[in-house]
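Here are the chains, one letter per residue:
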Amino acid sequence: GKEGGGEGRSRVPHWSSSMSGAARLNVFPTRQNLGVMKIKLVGAKKGHSLLKKKADALTMRMRSLLRQIMECKDTMGTSFKLGMFALAEVKYAAGDIKPMIIENVTKSTTTINLQVDNVAGVKVPVFTAKHEGHDVGTELIGMAKGGQQIGKARDAFSKALDVLVKLATLQTSFITLDEAVKVTNRRVNALDCVVVPRLEATVSYITGELDEMEREEFFRLKRSQKKKQRDIAQAIKDKAAAKEKEQQEAANMLAAGGDKDVIF
Amino acid sequence: MPEKAVFKGSADGLLAVIGDDDTVTGMLLAGCGNVDEKRNTNFLVVTSKTTTAQIEEAFRNFCNDPRISVLLINQYIAHEMRATLDAWAERGEKRPAILEVPSKEHPYEKHLDPVYQRTKLLLGLRDD
Chain A
1 GKEGGGEGRS RVPHWSSSMS GAARLNVFPT RQNLGVMKIK LVGAKKGHSL
51 LKKKADALTM RMRSLLRQIM ECKDTMGTSF KLGMFALAEV KYAAGDIKPM
101 IIENVTKSTT TINLQVDNVA GVKVPVFTAK HEGHDVGTEL IGMAKGGQQI
151 GKARDAFSKA LDVLVKLATL QTSFITLDEA VKVTNRRVNA LDCVVVPRLE
201 ATVSYITGEL DEMEREEFFR LKRSQKKKQR DIAQAIKDKA AAKEKEQQEA
251 ANMLAAGGDK DVIF
Chain B
1 MPEKAVFKGS ADGLLAVIGD DDTVTGMLLA GCGNVDEKRN TNFLVVTSKT
51 TTAQIEEAFR NFCNDPRISV LLINQYIAHE MRATLDAWAE RGEKRPAILE
101 VPSKEHPYEK HLDPVYQRTK LLLGLRDD
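Chains as they are written, first to last, in the numbering used here: chain A, 1 to 264; chain B, 1 to 128.
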């Protein structure tokens, strides 16, 4: 016969049990269960189409991100180069100010603000940079010489910073969406290849069983009707036979010889 | 399936830097440098004398620090700790956002940037 893996796989070809897990759910084939399974099937199909839409929306959003990321990375490369040039000019003008700057760091004047944006149900970050006031520590460094160059370098790196913050947003959004797309696609595939076929198989199993039970009922009904008819026919025959026998006995009684005398 | 690192808004993030002295100076000029009460800084100047262990420790500290939203690493340094960075990416952590930036000696090389490569792959572009 067609041996599957165990219970609930009796009607499935052996080559599909490894791919799609249980071929059908193990339930009693009743009309109520049929209703329940049908509702679940509708739900699963609806869920599948909704998730597919979500996956498509996420993929679309991600594609638009990709180009932006590539461009932004190029821009970053350029802006850093400019910053480095500016630093080199500072070196010519004011000497090596690096140790001074590093020594004089106090509190950051730039804060990164993180807001959360929602894309098709996925939470995605948006970074913005806020510049607050002047860094008291490094402000006075250029007073002696090279102040202009230092200012230029500062500007160059500020611009680079803005590019970097934008890039941080793009990159993190990309990673988040990438993951979300993978998860959603996994769910879509799971519904498509496992849940829906399983439910459909269960529905057809229950329908098949119900049909067969109906046919059994029908057969039993027919059989018992036939039996009743046979019984009735038999009863009629018996009655007729009995009547005939009675008549026969009556006739025999009359035809028999004399009775014995009754002597008191 | 549990959601990893759902974003919550925050308003006072810092930008950390692991880089050579030029990169760090530049970022400090732009106003990113921060030294807190415990004398912890949000940057690490990597010189020829800096060991990989120190770099890795700084990286770990910056990742664990909840105030740090963005972490800049010079590309050539990121290259030396590629394994650590890959492991971090595998875990799916999203904070801080790790950006690989060029340095004075090593200009930006696209084909070494993992995010750039993945981006290109997904766009279906071939190497020209």
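Source of the hints: derived by calculation from the structure; they are not laboratory data.
Predicted model only: the values in this text are computed from it and were never measured.
Heads up, the beta-carbon is just placed ideally off N, CA and C, and yes, glycines get one too.
Any given hint might turn out to be false.
Claimed, not checked - Sample of chain A residues at the chain B side, in silico, Cβ under 8 Å: (1) L51; (2) G83; (3) T106.
Evaluated hints:
no.: 1; hint: L51; verdict: 13 Å, violated
no.: 2; hint: G83; verdict: 5 Å, holds
no.: 3; hint: T106; verdict: 6 Å, holds
The structure shown violates just one earlier hint, number 1.
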